Amino acid sequence: MASQETLRDDGVGRASLLYDPKIRGIVYQIVVFAGLVLFVGWIVNNTIDNLRRANISSGYDFLGQRAGFDIAVSLIPFTSDSTYGQALLSGLINTILVAAVGILTATIVGFLVGIGRLSKNWLIARICTVYIEIFRNIPPLLVIFFWYLGVLSVLPLPRDSIELPFSSYLNSRGFFFPKAIWGEGAWLVPVALLAAIAMSWFVARRAHARQMATGQTFPVLWASVGLIVGLPLLALVVTGFPISFERPTLGTFNLTGGWTIKPEFIALYLALSFYTASFIAEIVRAGILGVSKGQTEASYALGLRNSQTLRLVIVPQAMRIVIPPLTNQYLNLTKNSSLAVAIGYPDLVAVGGTILNQTGQSIEVVAIWMMVYVGLSLSTSAFMNWFNARMALVER
Amino acid sequence: MQQQNSAFVRTELVADQPPPSGEKGLVRWLRTNLFATPGDTVLTFIGLVIVAMVVPPLLNWAFLSAQWSGADRSVCATVAQGGVQPDGWSGACWAFVRAKMELFIFGRYPLDERWRVVLVAAMFVVLLVPLLIPRIPRKGLNSVLFFLVFPVVAFFLLVGGWFGLEYVETPLWGGLLVTLVLSFVGISVSLPFGIVLALGRRSNMPVVKMLCVIFIETIRGVPLITVLFMASVMFPLFLPAGVNFDKFLRALVGVSLFASAYMAEVIRGGLQAIPKGQYEGADSLGLGYWQKMRLIILPQALTLVIPGIVNTFIGLFKDTTLVSIIGMFDLLGIVRQNFSDATWASPQTAITGLVFAGFIFWIFCFGMSRYSIFMERLLDTGHKR
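Chains as they are written, first to last, in the working numbering: chain A, 1 to 396; chain B, 1 to 385.
Hints are computed from structural coordinates only; laboratory data are not their basis. Bear in mind that the values here come from a model prediction, so they are computed numbers and not experimental data.
From the derived model, a few chain A residues whose C-beta atoms are all more than 10 Å from chain B:
hint, residue
1, 234
2, 237
3, 261
4, 384
Computed footprint of chain B on chain A, listed as stretches where at least three residues anywhere in the stretch have a Cβ under 8 Å from a Cβ of chain B:
hint, stretch
5, 144–155
6, 341–351
Even glycine gets a Cβ: it sits at the ideal position worked out from N, Cα and C.
Chain B on its own, in the form it takes in the complex:
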């Protein structure tokens, strides 16, 4: 071994030194995340300028200068515009939204019958929440209640005309009610229809396959607004004379057809991603076509494409705003309609209403996308292809 003639041999370890001051805490974070290179520093300053330009005016507009209560437009208009605010004032007119809130939610649904809408909404939430939380058991019963019983009950409650309930015609419906009914029906019709279309497109029967391809590609190639126009002006022509077809129903059919075509393509992606061995395995077990699909293929394929399905739902939810173009009053439509209300019309009304509607849509869509990310993590079996 080596000879050592050291005068001093350390017997215990030196205590850890603290890191240099530039390598810890806030300074380190700033240096690595904001000022790593000269280029980075420039970018950070550009970012700071953007934030400084956008955030304070926005906060000021939405909160500090905003008017939260008031009886009419005078609180939201400057002196020159016939109001009480000083010249140059600019702020959100939340008073307008507060005054119109009921209208934005129910539309012109009769005042005395609004408990029916509230009841349906409560049922919707009570049935939906346990369905969304994976830990809660009895999913089968829950889905049957949600997808089969709930729509029937909701239909009778909302439309009325039976069991002593007053009949409420659909032109009176409006606001968030219409948006949610359209989305719910669109979603629950487009999923089974999309599955059928996707299976049809991958079928071995040339006639079935061709029909599905033509339907899917035509619908996907045109904007929703043309489908809605078709539903609103052409459907009445298709039916025998004298058969009246509710306008709301026409929009529902249009939206559902449109969403089905998109859903079909998403599901087809899932079907294609399932390895051939799964199909062959099901065949060798002696399962018939529908058994094979129901028990082996679809559960895997649908799990794979959950993000795509939820994206289609989000797209559908956003697309329901288009019914306002064919003269129905969904949330956006009714907000727009109220811009011209003489009691509230001021330069701030339109922008406030749009920000409010945008915020409601944003909450729903953002919630859906977060939930899809959560489900994706939960269902990830770790051997995704």
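For reference, chain A alone in the conformation it holds in the complex:
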């Protein structure tokens, strides 16, 4: 009561401190914060206690120890003598590899199916709808098993391999194809490729500037394709084809030589691509439907053809709607690649799981997982936000 009167005397005009939203807010926050600190403290205390009891030393020293296990698929040299740190790095690279290839394929398939579902062709639209409705409503893990156990494991044994063009083979051990061995002077080819990419970028810029200034168009696409294919070819011819192929050869039990893609990778890659593609297709469809019909009609009225309307009017506007949810799907695909652990593809989670079982450093391994995935998520969304900002149409 006393405080009430003093406050009123000060002319603040509040009935009581109790009813001041600011002070209430501060009190709530202090209570929440204190509760959290107590809770975390309790957990940390218990954890330290439990770790001491189990004789596990915490810290990241184990990363330098000898791993003692092998990784079937590794892009960096890895033997069982390598360290846990290298094992995790190899797993991370595998995760990024499958995610990158998966994103590329899922985008292409997703766009095709999404546009197909809007096709005026009844049959194509139905096929695309059936595809989307099947894959969207099945767990991704099941799709992975379907490819791994249902499709790839019924492939023939190595001695009855299915022979494909360019001396590649397909069997239950994976997909075998020739390995290119670069000879003397081959460095010129990637240099030519880089030069071609740089030149196409330059051509595109000049063409755009010219179109803006004079209205004349230039076939940028064909010019770039010509450059990107032509220059490396030219480099090959000039250096006299310094390339030879090591073909896989059929032994008694297995194919030797060449490159191999393991069935685990193929299963994971196909499953993630086809699963995510069904979501991307729906996003693309929503994006195209989101562009108002007047835009199409206006574009026809200007005399643009169907393909031009799609390329110049619909797609740029649909992209604005499509990109944010597309980013989410890319992130989902990256996170779903962790299901690799179920079929034994050595991604970050699978390798981490092995390490966790061997060393018992559960907190450290889980912390590494979380940091890496949050980092991947943040960088993917940063890139896509940048792309989105570029694609966004400037509004009046």
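Put chain B on the given structure of chain A with help from the hints.
Just chain B, lined up with the frame of chain A:
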């Protein structure tokens, strides 16, 4: 007026002519929908080739060549594989699914106690169906029964140990039972948690806001499998020594936390879509924060995001399959476990089991998505922003 010297003036209207033969019936439909342009025709043929390549072999595999009954693997294996089928035979082994059906539904739940699961399932259906049909009255009572009374009764019935019921430990649970319990708990925990997190994220209090943002973004940034690993290997470390924490419960906590973060983002979208005037109107009526949210904001926001909420439910339902990786036997886990059963192992077993599990998941998810479309139409007030 104009002078007319016509020799013939028609006094009655001509009867309607039938449309040209190319503009009616099947021909017209084919011409507009399948063969409108040369490009369209090519696409149609590609489509026909795809259908011809996929559908007949599929029908043949799933129905014509399929084996519907049998006692062991011999009906589903070719002679070379030690069975009775001719070489080159390929068909679904539905006999395997039939033989294992009870296992796929109940897991290793004791045979004599399975009536409890059936009773819970019956209660679930009896309470859920009237809740889903908009015309049936008494939604309030129904929801209280479904969300408050049913979980308690179901808990006592399924776990047992009280009222003379035998205690059934959770490692014995399996199959569809685990999948449905995980999804139901995940859904009913994640919705209120998601609402609280979403409100926290839009709160004016910096500490609360920051905590919610960190929680949501961390969980959303990592795969569920890492959350499940965390739940299964780290939770025991967090608790005082000697406190045992059921593995199933750990998975439940992991799944619920994960779904809450996604739910929070969906609901935040709804909260952001509500015009500022609604908040101000509620304030000017003198409503407190919780009254404002409960009476004005949330009913509108939740209605707006029903499709998103159902999508999160579908995602959660599909994600429950991941518990098989941390060694629990949900529907997919138990189907996989039975591939290696020596009585039934044949080249067709795995694919048949996966198709069966996929079909069950598909029915649930497709049903949910159709229901969400139905609700969206029903609740559409016509002035959505």
